[in-house]
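If you read the protein sequences in the order shown, they are chains A and B.
Mapped onto the working numbering, the consecutive letters of the first sequence carry residue numbers 22 to 167.
Mapped onto the working numbering, the consecutive letters of the second sequence carry residue numbers 22 to 167.
In short, the hints are calculated from the structure, not lab data.
The structure displayed is predicted, hence computed values, not measured ones.
Only true hints are included.
Residues from chain B that keep clear of chain A, each with C-beta distances beyond 12 Å, as calculated: (1) Ser37; (2) Arg38; (3) Gly41; (4) Arg100.
For the chain A half of the interface with chain B, some residues (derived, Cβ under 8 Å), not all of them: (5) Arg51; (6) Gly62; (7) Gly65; (8) His95; (9) Asn96; (10) Tyr132; (11) Val140; (12) Ile159.
Backbone N, C-alpha and C define an ideal beta-carbon position, used for all residues, glycine too.
There are 2 protein chains.
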Amino acid sequence: MEQRVSLITLGVSDVSRAVGFYRRLGWQGREVEETVFFQLGGLGLVLWGHDRLADDAGLDRSEPTGFRGVALAHNVRERDEVDAVMAEAQRAGGAVVRTPTETFYGGYAGYFADLDGHVWEVAYNPGFPLGDDGSLTIPDFEEAGQ
Amino acid sequence: MEQRVSLITLGVSDVSRAVGFYRRLGWQGREVEETVFFQLGGLGLVLWGHDRLADDAGLDRSEPTGFRGVALAHNVRERDEVDAVMAEAQRAGGAVVRTPTETFYGGYAGYFADLDGHVWEVAYNPGFPLGDDGSLTIPDFEEAGQ
Chain A
22 MEQRVSLITL GVSDVSRAVG FYRRLGWQGR EVEETVFFQL GGLGLVLWGH DRLADDAGLD
82 RSEPTGFRGV ALAHNVRERD EVDAVMAEAQ RAGGAVVRTP TETFYGGYAG YFADLDGHVW
142 EVAYNPGFPL GDDGSLTIPD FEEAGQ
Chain B
22 MEQRVSLITL GVSDVSRAVG FYRRLGWQGR EVEETVFFQL GGLGLVLWGH DRLADDAGLD
82 RSEPTGFRGV ALAHNVRERD EVDAVMAEAQ RAGGAVVRTP TETFYGGYAG YFADLDGHVW
142 EVAYNPGFPL GDDGSLTIPD FEEAGQ
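Next comes chain A alone, as it looks inside the complex:
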């Protein structure tokens, strides 16, 4: 199995409602058969009905009541951008689940949830370089002296 991921699919209760949140963030997606695909670098983020996703995977349709145990991170280049993106997410209808604070790794980060409770971290991490295209490179922690 090659070391890569092609799609991240988030199960949502109502695709039209769910996509509104991401569109209000300025994201542009493509829709087909009540499924919305957003191109994020070399992969796609997909919004699909929770029940359809559960059925497709042959899993129980019951929705998790609390934390799903998964977080997506959106890293930014400057510390100030964390507050700006968190505010943007809140204006778009997202819920702030943790206001931004200093992090143990010398950064600054907060968390918000989209309309279906999918959790995003917005993080400024000076140890994780971002390329011009937004791609993230995992550092060599041994060289970094950590």
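Got chain A sorted already, so can you dock chain B onto it with the hints?
Then chain B, alone, in the frame of chain A:
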């Protein structure tokens, strides 16, 4: 908020145990402070303790009992690779949650779960081109006539 994702963090009950599964798939990661980072193209997949992730996000530690409502997809270039990757995941200790079948979009796909119940789809989708570097491009569905 730029249209991109930097990290996918999967909460796991035991990082050492969880990383074993991905290492048995041949994946190579970097570990620091009981956190493992795998470089997947322009982003990172992170294995981190479920409770630490929940605490970091300020969310309840309770783990979802059923489907988490999130699926990661690993698309392959040839139909036969689906069965091969599914078998590899099973040998590595993963659970087959849906044996591969023909899909409604003219492809072929199955699902497995890692040791913590995080669900991966292994899919052959002839309508979603993969680049030489494994990157996926969302097609223009209107042009494709769908």
